[in-house]
Amino acid sequence: MRYSEEDKDRRVTQLRKGILELAVMGVLYHKRHYGYSLIRVLTESGSISLKEGTIYPILARLHRDGLVQSEWVESDQGPPRKYYGLTLQGRHLFVELSQEFDSLISLVKHDWPAEEIQDRTKKLLVKRR
Amino acid sequence: MTTYPEVVTKIIDDYMDRLKSQLQLVPVEDRNEFLREIQSHIYEAFQQQDAGNDEVTRILTVLRKVGEPAEVVADRLPEAIAGSASAWILPLRIVGALLIALFGIPLGLGGMAVLLGILAALAGVLISYYVLASVALLASVVLLTLGMSRLYQPELWDRLLAAGVIQMDVAVAQVVDRLSPYAQGNLLIFFAIVCAAAAVGMFWSGRYLVRGVSFVMVRVFGWIRQFGQHVWRRVQPYSAEFFAKLQRA
Chain A
1 MRYSEEDKDR RVTQLRKGIL ELAVMGVLYH KRHYGYSLIR VLTESGSISL
51 KEGTIYPILA RLHRDGLVQS EWVESDQGPP RKYYGLTLQG RHLFVELSQE
101 FDSLISLVKH DWPAEEIQDR TKKLLVKRR
Chain B
1 MTTYPEVVTK IIDDYMDRLK SQLQLVPVED RNEFLREIQS HIYEAFQQQD
51 AGNDEVTRIL TVLRKVGEPA EVVADRLPEA IAGSASAWIL PLRIVGALLI
101 ALFGIPLGLG GMAVLLGILA ALAGVLISYY VLASVALLAS VVLLTLGMSR
151 LYQPELWDRL LAAGVIQMDV AVAQVVDRLS PYAQGNLLIF FAIVCAAAAV
201 GMFWSGRYLV RGVSFVMVRV FGWIRQFGQH VWRRVQPYSA EFFAKLQRA
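Protein chains in written order, with this note's numbering: chain A, 1 to 129; chain B, 1 to 249.
Careful, some of the hints might be misleading.
What the hints assert, rightly or not - Going by beta-carbon spacing under 10 angstroms, a handful of chain B positions derived as facing chain A:
1) 33
2) 39
3) 40
4) 48
5) 51
6) 55
7) 65
8) 106
9) 127
10) 128
Source of the hints: derived by calculation from the structure; they are not laboratory data. Heads up, the beta-carbon is just placed ideally off N, CA and C, and yes, glycines get one too.
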């Protein structure tokens, strides 16, 4: 049975949503951003498409978890902008998560010898439990 | 000061009202912060829109990209915002806590006791099984010893009988007495082999029983652990908050 285009789109959306939080942390790891500029960075590569408003609840959740800090800054071009940056805790977590992400990418891409994949899969499964 | 043409202001106000209605459960402070941020975003995005288009097209494009209010809020509204909004639910929580205390805890403890009882019964079955297998093995050794002694040390058998160490039912004794000592010895050895075979069979097949019981136990303890972690995750923020308040006080 072939999958439909809709089914594929749904899965692609799910996949992107899954890594969106990590992508947000990745952008904030390098530089402070306000919501709109953060979205521009995320979407300019074309690999992530999202409803722009959905980024704010993610930022609020990261803020609640102490992973980002925020600050309202006056802008001479309009209303104040709320800038976000990773906290020290957020930076540490991002480094760990990105390593985990690299492992998953390598697993998906089959970059390792078979026996190493088996070991890594076991480790990932154990961690997930 | 942010200024838009009147028609654009109207469209934005309408959008913000719809967004606000989706955030009714959120505390006023968090809600205003969220709305302020979205307003700031709309302004930035509106400025970046192609000035060649008319203003209505520009603002509609911006709002389409931001997403429908329900979509924006429902997709990933943080639990903290939603959760901290529930001060008005406090009485409901108290009633819930009372109900849990009155019914949930006794039922939960009862369920736990039943679960632990089942696990203990399973462990009992396993232990009994291996005790039985060990007894069969021991019986085979004893029977083999007796059979060999009947064959090669007949007088030892007689002495044991006379001392009352070996005792038999009268009917069995009558049957055994009809056999020659040689046949008696071989009969005992035959029963020893049967017992040994049964013991070996039980020990061999016992691994399946062990696997089955350990599978059930691992699953059940896994569920209990997960349930504990789940409860702890729910309770931990409140307890941390409580102790923080206590310290501040």
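For each hint, the structure was consulted:
| no. | hint | result |
| --- | --- | --- |
| 1 | 33 | holds (8 angstroms) |
| 2 | 39 | holds (6 angstroms) |
| 3 | 40 | holds (5 angstroms) |
| 4 | 48 | holds (8 angstroms) |
| 5 | 51 | violated (15 angstroms) |
| 6 | 55 | violated (16 angstroms) |
| 7 | 65 | holds (5 angstroms) |
| 8 | 106 | violated (31 angstroms) |
| 9 | 127 | violated (29 angstroms) |
| 10 | 128 | violated (33 angstroms) |
In the structure shown, a violation is registered for the earlier hints numbered 5, 6, 8, 9, 10, in ascending order.
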